[in-house]
Amino acid sequence: EADIYQTPRYLVIGTGKKITLECSQTMGHDKMYWYQQDPGMELHLIHYSYGVNSTEKGDLSSESTVSRIRTEHFPLTLESARPSHTSQYLCASSETRAGVGYNEQFFGPGTRLTVL
Amino acid sequence: GQQVMQIPQYQHVQEGEDFTTYCNSSTTLSNIQWYKQRPGGHPVFLIQLVKSGEVKKQKRLTFQFGEAKKNSSLHITATQTTDVGTYFCAGGSYGGATNKLIFGTGTLLAVQP
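Residue numbers (the working numbering), protein chains in the order written: chain A, 1 to 116; chain B, 1 to 113.
Think of the hints as simulated: they come from the structure by calculation, not from any bench. Any given hint could be a false lead.
With beta-carbon atoms standing in for the labels, derived distance ranges [as the list claims (entries may be wrong)]:
{"id": "1", "chain 1": "B", "residue 1": "K51", "chain 2": "A", "residue 2": "N53", "range": "31 to 39 Å"}
{"id": "2", "chain 1": "A", "residue 1": "M27", "chain 2": "B", "residue 2": "P113", "range": "46 to 54 Å"}
{"id": "3", "chain 1": "B", "residue 1": "T82", "chain 2": "A", "residue 2": "H73", "range": "33 to 41 Å"}
{"id": "4", "chain 1": "B", "residue 1": "V44", "chain 2": "A", "residue 2": "D38", "range": "15 to 23 Å"}
{"id": "5", "chain 1": "B", "residue 1": "S52", "chain 2": "A", "residue 2": "G16", "range": "46 to 54 Å"}
{"id": "6", "chain 1": "B", "residue 1": "V44", "chain 2": "A", "residue 2": "K57", "range": "24 to 32 Å"}
{"id": "7", "chain 1": "A", "residue 1": "D59", "chain 2": "B", "residue 2": "P8", "range": "41 to 49 Å"}
{"id": "8", "chain 1": "B", "residue 1": "Q112", "chain 2": "A", "residue 2": "T15", "range": "40 to 48 Å"}
{"id": "9", "chain 1": "B", "residue 1": "Q58", "chain 2": "A", "residue 2": "G28", "range": "23 to 31 Å"}
Just so you know, even glycine gets a beta-carbon here, dropped at the ideal spot from N, CA and C.
If we strip away everything but chain B, and leave its shape as in the complex, we get (with noise of 0.2 Å):
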C-alpha cells in the first residue's frame, strides 16, 4: 500500500540555527498537507500544497511540493523554541477516497535554548 516516509526521525538543533524535514511518497500524490503536533497536544494543520513545484512561506517556514508530487520539504529558518514538536506530512492521492489522508511518520524537532 501507500506509504509516506520522513527524515529525519528526529532533530535537535541549537535555537536561531535552521531545520528541514523530508517527506517522501511512494505513489504521486494529489496534494500534501503539513500538520504540527505540539508535544502532549494533537496535530494543528499547517498548509496544503497541491501543483507540481509549488512553494509557499509561512513567516519563517517554507514548504516545497516536488515536481514529480512525490516529495515534499519543510524548512524552519532560525528555529525558535516555540518551533518545538513534531511535523508531520500527509498525503492525498489520485483517485482515493476524498480527504483521505496518509499520514507521514513525522519529524520530532527539539530547539535548545
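Isolated chain A, as found in the complex (with noise of 0.2 Å):
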C-alpha cells in the first residue's frame, strides 16, 4: 500500500479565496507530482518536482504553485480560487532507480475541490 497522503479530502470554498492542498509522501520518493482531473476524464499534469527545491510547470496551464521545501511535502496553493478551479487534485510520486528511465507513480486518494 502507498503511503501517500492529501488533505483535505473534500473542500467548499468560496471565490476569492486563498487555498493549500497538503501532499506528503513517507515513501522517500525524490519525484512528486500535482494532477488535475475532471470527473471521468484524464489526468493532466499541472506540476512536478524532482527534488528538494525544483519544481517545473506540466502541460496544462494553471494558476496554482507549488513548493517542495521538503523531500515529503509537495502543497499546492490557489492565491485566489474561482469556480474554473473546480475539480479533482491528485498527488503522486515516484522514486528514480538506476538504469531505470520510467517507474511507477504512486497516488494519493485526491482533493475534490469545488469553488462556490
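Join these two chains into a complex; the hints should help.
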C-alpha cells in the first residue's frame, strides 16, 4: 500500500479564497507530481518536482503554485480560487532507480475541490 | 504536443465476456504504463512495458506494446465485476523529462453481473 496522503479530501470554498492542498509521502521518493482530473476525464499534469527546491510547470496551464522545501511534502496553493478551479487534484510520487528511466507513480486519494 | 488517445471511451460488457482497450500515441514512446482507477478512487499502477513488441500477462490481463512503440493494448479475459473502473495508459517520451508521463483519455469499463 502506497504511503501518500492528501488533505483535505473534500473542500467547498467561496470565490476569492486562498487555499492550500496538502500532499505528503513517507516513501522517500524524490519525484512528486500534481494532476488535475475532471470527472470521467484524463489526468492532466499541472506541476512536478524532481527534488527539494526543484519545481516545474506541467503540460496544463494552471494558476496554482507549488513548493518543495522538504522531500516528503509538496503543497499546492491557489491564491484566489475561482469556480473554474473546481476539479479533483491528485498528488503522486515516484522514485529514481539507477538504470530505469521511468518508474511507477503512486497516487494519493485526491482532493475534490468545489469553488462556489 | 504529444497526445495519447484511447478507444473505446466506454465499454459495457456482460460478466464473463472479454474486453480490450487500445492506446495510441502521436509520437514514439520510450515506455508505456497502465493504471486502473476504480469509481471514486485514485489511479493504481498495473504494469510497465518498455520493449518493442513486448507482451506481459497478469492473470486474466494481457498487455502489449506495439512494434513501433506508438500503441499499446490491454485485454481482459472473462471479465469480473471487480474489473469495473477506468483504465488509463500513460506514455513516457524519449528525451523528455524523466518520469513525466502523458496520460491517455481512458476507457471506462462497466461489467454487468
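Here is what the structure says about each hint:
K51/B and N53/A have their C-beta atoms about 35 Å apart, which keeps the hinted 31 to 39 Å range intact. For M27/A and P113/B, the hinted distance range of 46 to 54 Å is not satisfied, since their beta carbons lie about 37 Å from each other. Under the hint 33 to 41 Å, the C-beta atoms of T82/B and H73/A, about 34 Å apart, fit the expected range. Hint check: V44/B to D38/A, Cβ distance near 19 Å, so the stated range 15 to 23 Å holds.
Separation of S52/B from G16/A is about 52 Å and conforms to the stated range, judged on CB atoms against 46 to 54 Å. In this structure, V44/B and K57/A meet the distance hint of 24 to 32 Å, their C-beta atoms being roughly 26 Å apart. Roughly 24 Å separates the CB atoms of D59/A and P8/B, a value that falls outside the hinted 41 to 49 Å. In this structure the supplied range 40 to 48 Å holds for Q112/B paired with T15/A, their Cβ-Cβ distance being about 42 Å.
At roughly 27 Å, the beta carbons of Q58/B and G28/A sit within the given window of 23 to 31 Å.
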